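Peer 1: Sequence:
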Amino acid sequence: MKLKKVKPCDHSCLMCQHVMRDWYDQIDLRKQTIKLKRGEQFIVEGDAVRGVYFVQSGVVKVHRRWGDKEMIVRFARKGDIVGHRGVSSASEQSVYPISATALEAATLCFVDIDFFLSTLRVNAALTYRLMLFYADELQLSEQKMYNLVQKSVKSRLAWSLLSLYSVFGEQSADGYLGITISKTDLGGYIGATYETVYRSLADLVRLNYIRMEGKKIYLTTLDALQQLANEQV
Numbered sequence: 001m002k003l004k005k006v007k008p009c010d011h012s013c014l015m016c017q018h019v020m021r022d023w024y025d026q027i028d029l030r031k032q033t034i035k036l037k038r039g040e041q042f043i044v045e046g047d048a049v050r051g052v053y054f055v056q057s058g059v060v061k062v063h064r065r066w067g068d069k070e071m072i073v074r075f076a077r078k079g080d081i082v083g084h085r086g087v088s089s090a091s092e093q094s095v096y097p098i099s100a101t102a103l104e105a106a107t108l109c110f111v112d113i114d115f116f117l118s119t120l121r122v123n124a125a126l127t128y129r130l131m132l133f134y135a136d137e138l139q140l141s142e143q144k145m146y147n148l149v150q151k152s153v154k155s156r157l158a159w160s161l162l163s164l165y166s167v168f169g170e171q172s173a174d175g176y177l178g179i180t181i182s183k184t185d186l187g188g189y190i191g192a193t194y195e196t197v198y199r200s201l202a203d204l205v206r207l208n209y210i211r212m213e214g215k216k217i218y219l220t221t222l223d224a225l226q227q228l229a230n231e232q233v
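Numbering of the sequence shown is given in UniProt numbering, commencing with residue 1 and proceeding in unit increments.
Keep in mind the hints are simulated off the structure, nothing from the lab. Since the model is a prediction, treat every value here as computed from it, not as a measurement. Do not rely on the hints blindly, as some may be mistaken.
Unchecked claim - Here are the computed lysine to any residue pairs in the SDA-like style, where the Cα-Cα straight-line distance is at most 25 Å: (1) 37 to 214; (2) 151 to 37; (3) 183 to 196.
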């Protein structure tokens with residue numbers, strides 16, 4: 001994975017949106033970009049933290065080991081930060097508690113950890129926004145854990161489809177989910193096997209809650225999906 005200097009970006013990522021404009025020159029000097037192919041991994045769980053990444057284009061998945069399975073923590077799109085879970089106040093070398101892989105061809109912006117921490121110290125607005133982002137992530141993680149205990153696979157699937165649609169597909173007039181995702185990755189996101197996800201998707205298609213075209217998923221009946229998502233075991 002080769003890093004290289006590039007021309008100044010459009011400053012649309014989470015970091016650039018919340019720093020002082022005078023800080024842009026520092027970012028342009030220090031940032032590097034990474035071009036990724038689909039399926040290429042750029043963070044390995046357990047590796048020493050080098051820095052943080054911001055998605056400039058494409059979609060990546062953030063995942064970690066769960067026994068012998070893969071658990072997908074979240075999906076990141078343009079502007080999102082990845083690798084922040086490795087930021088720590090510990091004096092010893094921190095390691096990434098997650099892995100990250102491109103779901104499609106992607107371009108990332110990378111800044112080393114020392115520069116990122118300096119940016120946080122100088123830019124209070126970014127520090128505040130990152131605190132809110134951590135809080136949102138914690139709420140999402142808690143909701144997913146609750147779903148694992150209290151909801152059926154089909155209910156978790158409906159909740160996850162609606163959640164992904166709210167992030168990736170709200171601008172879609174035809175109900176397209178906004179992200180092309182495999183059944184294996186859906187299983188990793190909701191905590192279910194490929195076979196169970198396959199059957200559950202087929203049931204939702206039969207009920208006309210969704211329709212599928214290859215790996216693309218279209219939500220056709222949002223109210224019915226929401227009702228299913230609210231059901232408990």
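Peer 1: Now tell me if each hint is right for this structure.
Peer 2: Hints and how they fare:
A hinted pair counts as satisfied when its Cα atoms are at most 25 Å apart, and residue 37 with residue 214 qualifies at roughly 21 Å. Among the hinted pairs, residue 151 with residue 37 is inconsistent with the structure: their alpha-carbon atoms are about 35 Å apart, more than 25 Å. For the hint linking residue 183 to residue 196, the alpha-carbon distance of about 9 Å falls within 25 Å, and the restraint holds.
Of the numbered hints stated above, the single one contradicted by the structure is hint 2.
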